[in-house]
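*Asks:* Here the structure of chain A is known, so what remains is to put chain B in place on it, guided by the hints.
Listed in order, the protein sequences are those of chains A and B.
Start counting at 1 in the first sequence, then tack on 220, and there's your number in our numbering.
Quick note: the second sequence, position 127, residue 116 per our numbering, numbers continuous.
Because the hints were derived from the structure by calculation, they are not lab data.
A few of these clues could be false.
Here are the simulated SDA-like cross-link-like pairs (lysine to any residue), alpha carbons at most 20 Å apart as the crow flies [unchecked claim]: (1) K398(A) <-> K350(A); (2) K251(A) <-> K398(A); (3) K451(A) <-> E489(A); (4) K112(B) <-> M329(A); (5) K112(B) <-> R327(A); (6) K313(A) <-> I131(B); (7) K112(B) <-> F325(A); (8) K112(B) <-> L332(A); (9) K313(A) <-> I71(B); (10) K350(A) <-> F331(A); (11) K451(A) <-> L493(A); (12) K31(B) <-> H142(B); (13) K112(B) <-> V326(A); (14) K31(B) <-> R327(A); (15) K112(B) <-> C340(A); (16) K313(A) <-> A344(A); (17) K112(B) <-> F331(A); (18) K31(B) <-> V326(A); (19) K389(A) <-> K350(A); (20) K313(A) <-> T60(B); (21) K31(B) <-> S75(B); (22) K124(B) <-> T60(B); (23) K299(A) <-> E354(A); (24) K31(B) <-> S65(B); (25) K124(B) <-> I71(B); (26) K124(B) <-> S75(B); (27) K398(A) <-> E354(A); (28) K31(B) <-> D61(B); (29) K389(A) <-> G279(A); (30) K313(A) <-> D89(B); (31) K31(B) <-> W67(B); (32) K313(A) <-> K124(B); (33) K112(B) <-> K398(A); (34) K251(A) <-> R483(A).
Residues from chain B shown here face chain A by an in silico Cβ test under 10 Å; the list is partial [unchecked claim]: (35) R51; (36) I81; (37) K112.
Even for Gly, the Cβ is constructed at its ideal location relative to N, Cα and C.
Here are the chains, one letter per residue:
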Amino acid sequence: LRETFLDCPSFMQASTAVSNNAATVAVLSGKGGTGKTLVAVNLATVADEAVYVDCDVEGPNGHLFFRPALSDEEVVTVKVPEIDADRCTGCRKCVDFCAFNALAFVRNMPFLFEEVCHSCGGCALVCPTKAIREVDRVVGTVSSGMSGNIAVHTGSLRIGDASGIPIIKRLLGKISSKEYRPIFIDCPPGSSCAVMESIQDADFCVLVAEPTVFGAHNLAMVHELVTLFGKPCGVVLNKCIEDGDANPSEAFCLENHVPILARIPFDSELGTLNSEGRIIARESERFHRLFASLLGNIEKEARHETALDPQR
Amino acid sequence: LEAEHTAFATDKGVAVVETDVAGSDVACISKIRTVEWRRPVKIAIPMIEQDINAGISPSFGRAPWFLFYDTDTSESEWLRNIAADSAGGAGIRAAQAVVDIGTNALITHQCGDNAGRVLSNAKIAVYRSTGGTAKESIDALIAGDLPRLSEFHAGFHGRV
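Bound-form chain A, shown alone:
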């Protein structure tokens, strides 16, 4: 994968904040529990030398598999206004200015909702009596460490906080612009702002889907999102039951010409290993083959896409 992307001049042109020359693969799904972490962790494992970034900051669990030796932990803060009640004249300018409705005006005083604030600093600027100053508020942490040849970056949102975006920004900022290893981004579930933030610099998106009607519905949503972003993508069908009922997610792929990159079986050995926090591609030869083949297919599809669209 690495060599292919290094040799591919169009990827060199697509220099982004995250990577100048390494491939960035984002793993997404329309809902939680479909197998994003399973896929991202095992892809990084078969790639051998890789970077794994856990952007699922509301419940990061890739580190449970990699158990990295932590070398660095940073606190992530955002700016929030602090209102000096003695200086405030109750003019309401800050409340009227706030585009995010983070300030209410009750009993002649602004009233702040910290977790709604987007840290724009506008309220402090418009305050005529300088009653507002910006202070730091801790929203989570970013930690980094090595697990064998894999660099593991994990973001963690403080419990009770609403937006993981500042943490995801800091996480992606940790990736060197000279990174030569492939990068695997374990995204948050769904198709919200946090997911958009996570896939911004991705060269390829892997969509993990379950074989249910609900799974296909969520796949359609996340497929729409990556299409909107103009990202090439392919699907991993997880929890496939042999001789089972028709797979609605597979039907979606066939109907919409979305490439199917791999099928992961609904398998008790897999379930057991995974629930013990063990990496299946390390423990079992057949799963190593499965993920090596998936990695090859991603490489093939990405090359195919760049051939179709040299601008990318």
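*Replies:* Frame of chain A, contents of chain B only:
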């Protein structure tokens, strides 16, 4: 001592109390001089359509309309909810509109905790609709039959 008039919303209606400025809350009950019980004067209700005989909106912050009903004059006033299209903080903005119009009570199916904090700070009583039309809920409130809303949900806070 200067007197201050405050309206406290209670299960029975609105208690208008006169306190001296040193006493600021129900806790300072000894300082209350006169108490007058009144029905809520202005009731706010989130609505989907401009019809007092229609059902109440299932959402507070993103209801398209607010009905303000004056129990003294039996008049209805309609206000488009500008918070409905907010990217975030809709409940806060909607609660602000309800506060700004000078409401005493709100009838709703549910309400998020952020909006709940704005409303409680402004001493607006929040009642839980037990179903039926807006008019039926107003009549039930006036008759003292509506329960207070006891649970404020965690809100959606940007998660769509």
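*Asks:* All the hints need checking, so say for each whether the structure fits it.
*Replies:* Hints and how they fare:
1. K398(A) <-> K350(A): Since the Cα atoms of K398(A) and K350(A) sit roughly 43 Å apart, the hinted pair is violated (cutoff 20 Å).
2. K251(A) <-> K398(A): violated (33 Å)
3. K451(A) <-> E489(A): violated (34 Å)
4. K112(B) <-> M329(A): holds (14 Å)
5. K112(B) <-> R327(A): holds (10 Å)
6. K313(A) <-> I131(B): violated (37 Å)
7. K112(B) <-> F325(A): holds (13 Å)
8. K112(B) <-> L332(A): Measuring from Cα to Cα gives roughly 17 Å; hence the hint holds.
9. K313(A) <-> I71(B): OK: K313(A) and I71(B) at ~18 Å, within 20 Å.
10. K350(A) <-> F331(A): Holds: K350(A) and F331(A) sit about 16 Å apart, inside 20 Å.
11. K451(A) <-> L493(A): violated (32 Å)
12. K31(B) <-> H142(B): violated (24 Å)
13. K112(B) <-> V326(A): Within the cut-off at roughly 10 Å; holds.
14. K31(B) <-> R327(A): Distance of about 18 Å is within 20 Å: holds.
15. K112(B) <-> C340(A): violated (30 Å)
16. K313(A) <-> A344(A): Since the Cα atoms of K313(A) and A344(A) sit roughly 10 Å apart, the hinted pair holds (cutoff 20 Å).
17. K112(B) <-> F331(A): Satisfied, since the Cα-Cα distance of roughly 14 Å is no more than 20 Å.
18. K31(B) <-> V326(A): Answer holds: K31(B) to V326(A) is near 18 Å, not above 20 Å.
19. K389(A) <-> K350(A): Violated, at roughly 30 Å.
20. K313(A) <-> T60(B): Roughly 33 Å between the alpha carbons, so the hint for K313(A) and T60(B) is violated.
21. K31(B) <-> S75(B): Since the Cα atoms of K31(B) and S75(B) sit roughly 25 Å apart, the hinted pair is violated (cutoff 20 Å).
22. K124(B) <-> T60(B): holds (11 Å)
23. K299(A) <-> E354(A): Between K299(A) and E354(A) the Cα gap is close to 6 Å, so the pair holds against 20 Å.
24. K31(B) <-> S65(B): holds (10 Å)
25. K124(B) <-> I71(B): violated (23 Å)
26. K124(B) <-> S75(B): violated (28 Å)
27. K398(A) <-> E354(A): violated (34 Å)
28. K31(B) <-> D61(B): holds (8 Å)
29. K389(A) <-> G279(A): Roughly 17 Å separates the two Cα atoms, so the pair holds.
30. K313(A) <-> D89(B): holds (15 Å)
31. K31(B) <-> W67(B): holds (12 Å)
32. K313(A) <-> K124(B): violated (37 Å)
33. K112(B) <-> K398(A): Violated, at about 57 Å.
34. K251(A) <-> R483(A): Roughly 18 Å between the alpha carbons, so the hint for K251(A) and R483(A) holds.
35. R51: Constraint on R51(B) not satisfied, violated at 12 Å.
36. I81: holds (5 Å)
37. K112: holds (9 Å)
Checked against the numbered hints given earlier, the structure breaks hints 1, 2, 3, 6, 11, 12, 15, 19, 20, 21, 25, 26, 27, 32, 33, 35 and satisfies all the rest.
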